[in-house]
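J.: Using the sequences and the accompanying hints, generate a full structural model.
Quick note, the sequences are listed as chains A and B, same order.
Under the UniProt record's numbering, the first residue of the first sequence carries the number 1, and numbering increases by one thereafter.
Under the UniProt record's numbering, the first residue of the second sequence carries the number 1, and numbering increases by one thereafter.
All the given hints hold, so there is nothing to weed out.
If several chains are the same, the list does not tell them apart, and a pair holds so long as it fits within one copy or across any two.
Below 30 Å or equal to it, Euclidean Cα-Cα: the simulated BS3-like pairs (lysine-lysine) are:
#  : residue 1 : residue 2
1  : K380      : K463
2  : K60       : K179
3  : K335      : K179
4  : K179      : K211
5  : K69       : K179
6  : K262      : K60
7  : K89       : K138
8  : K138      : K94
9  : K265      : K211
10 : K89       : K421
11 : K335      : K139
What the hints contain is simulated information worked out from the structure, not anything from laboratory work.
A quick note: this is a predicted structure, and the numbers were derived from the prediction, not measured.
Protein chains: 2
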Amino acid sequence: MATTGAGAPAITAPSSSTFTASSPFSLKASRTSHRQSARRVSVNVRCVSSPPADTSYKTKVPRNANMAKLQAGYLFPEIARRRAAHLLKHPDAKIISLGIGDTTEPIPDVITNAMAERAHALSTIDGYSGYGAEQGEKKLRSAIAATYYADLGIEDADIFVSDGAKCDISRLQVLFGSKATIAVQDPSYPAYVDSSVIMGQTGLYQQDVQKYGNIEYMRCTPENGFFPDLSTVARTDIIFFCSPNNPTGAAASRDQLTKLVKFAKDNGSIIVYDSAYAMYISDDSPKSIFEIPGAKEVAIETASFSKYAGFTGVRLGWTVVPKELLFSDGHPVAKDFNRIVCTSFNGASNIAQAGGLACLSPEGLKAMHDVVGFYKENTKIIVDTFTSLGFNVYGAKNAPYVWVHFPGRNSWDVFAEILEKANVVTTPGSGFGPGGEGFVRVSAFGHRDNIIEAARRLKQLYK
Amino acid sequence: MATTGAGAPAITAPSSSTFTASSPFSLKASRTSHRQSARRVSVNVRCVSSPPADTSYKTKVPRNANMAKLQAGYLFPEIARRRAAHLLKHPDAKIISLGIGDTTEPIPDVITNAMAERAHALSTIDGYSGYGAEQGEKKLRSAIAATYYADLGIEDADIFVSDGAKCDISRLQVLFGSKATIAVQDPSYPAYVDSSVIMGQTGLYQQDVQKYGNIEYMRCTPENGFFPDLSTVARTDIIFFCSPNNPTGAAASRDQLTKLVKFAKDNGSIIVYDSAYAMYISDDSPKSIFEIPGAKEVAIETASFSKYAGFTGVRLGWTVVPKELLFSDGHPVAKDFNRIVCTSFNGASNIAQAGGLACLSPEGLKAMHDVVGFYKENTKIIVDTFTSLGFNVYGAKNAPYVWVHFPGRNSWDVFAEILEKANVVTTPGSGFGPGGEGFVRVSAFGHRDNIIEAARRLKQLYK
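T.: In structure tokens form, the structure reads like this:
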């Protein structure tokens, strides 16, 4: 229920029974039972009416080889699957999810009222609207530019409203195409790497190093303050950079981002800067890459209302593609991104956009600030818990994530231990890349009583 | 205003001034003024502080060559641009848009009430929900399966809820990958071809035949009853087939679809069947490809609430990928599509999904039926108008589109004539492929008084 915050992905993990369960429509399942029957009592074979295995009709369409490169399921559905398996074994377990980073607190009603009002208006002649601009409503684009980019030289037309950062990351990958090369922070949010694999930008997965070929992994560790040693990083076309980082919670300083922009400029690379957690920044780290002089010529920024206003299910975000950003032939990147957006997207839901506009009103901004403040208090409880137990803990200060070190241990083992012994779902660090091995990410999204209860159980487990 | 139904794309056409206008941030614009100044009075050059042209910073990231293949803007933004240009010349023109197929009638309040209720619930502890399943809410998937696919062997798990058919078409293209070959009806909805070009499945655009290389165009004309002569169609991996067709309005009969399924099966192809207008069918043409025996082994179906419930701006649709559909290596297509959806999408807006569920209640179904009936009455008015003027008119019976023949004339010329002389926006047939040359598509989406007024003006123009 509301205490788990896990949404419904449990039913949908790629490896779930949905696709393998026996059903009247599954020839594959029928084949299995055919064989099993045959092994047991051969006389039963005639009762099996399904055709034998090799007569299953297959199209002649080859599977996309890039899809075959992907490892296991996408991280979060996989966690949901393991959580569901645990529940099956322990139906009475009172699981607390500090796993997938899902928001739990209600959306402030200044925002939901605006969405309800828009919904009602759609049933009136005057209030009805059909297709909106693919790039988002003009008013919302203006409000985003004015709220987050005032004095940074970003204009309304540079803003593309989306149904969320994850969706725009894939659209950006389609824009760059299969020949682009990418770099990612290691560890980082898995959508960058997975979308790159799907687009065919990578080689095969190399089991020994747990990396895909042709991706530049920029190691971020406590030793380098979670900022990569750029002198060892090879040039790529695209650099995905998330700050505050998911999962480490580290926010890059002004000095670090200045180095990053210089690195991109020297190499002629494009930075895709994911600022989905910018409002969680407490110190003077930049909240936008465009605070760095010259960034408009080398960077795209993607952002989201999800973690500020609880819009994980409502779906609303934006991407900034400055008109100054040019491909090597001088063609503006924004012009091609506009074409992608017009061809493969039809705008975010108009009701969600009404919510976004309310988020950016004075009352909405105050309400989002309060939501962020609440989760930051949660973060402090989690940090205090692990610190009191003697763990080294990172992130947290500028992000809703606590990055806890379990030196020498396997992340999935720690994940399983905490799930089985404390009924708390976390996220194994290695799910974010090999650089996450030995860590787990603990999310601060949760009701206060759940955070306190999780803290109590963790103290019990690791006392 | 509400009478135009054109949304806001006018500000956003790829060739709009957004990307070329002079601004403090556009080096390119500064360069132009530099040169103009230099031509006029050389002494003024020193006043231009912008750097000269060749110092504009360019990244070293090559533009995706597939993007460069695309011709002009996506059709509908291009129409919006021409409409805006007309308005600029004639600011008092009372334009009626029967162009982009945008719905105009309010959403029935049984549906908007459900959306408003969900919005309000999101501000309560009990009613809040965060991330939903990427594939859609279980209840909605069940309702879609029960409403549209009862007795067709399609189960909840085969349904993927989306933010609209256009978006899912692009996700399907990413699934198939750059090596897939496609066939399209000619004429057809431009998103199939454009998304194919973007994915790199095609050759260059061949100006002489107005076709992209490596796409199989299946000609659909009055002569063949708008169903292609399959004996002349080359095998492709994917066959995009829209019925009732956009733009011709033709719905394929059961016999024709049986031939299509057999053709796909013989060739080992996958049909992507776009049924976005199925509820407009008045005769006994199938409303789903899955009414055809064996289709589950060769077809995907994509559908939408847009044209039934006025959800063009709310954004909600679905795609059916039957578990029986297998790639040549036996891998289920649904399993890979699930991975695409999990990686590049985060589910449709939960508020829109609440609306979808209300659409499928008994009251919602009745309300959608009434909306469809209203637009079908509009269709009749348009058909009667053109018929009375002696035009040959197609489609209309099973679709909200009237396909009007202007033999020997250029579609864009007819489009311009109707816009300039009657202030009515239509869609030039050639925008849907070379097979649409000599036709315009007239959309029946409009307020009744606008339809009647448009009919009056057209009678005046072509009397």
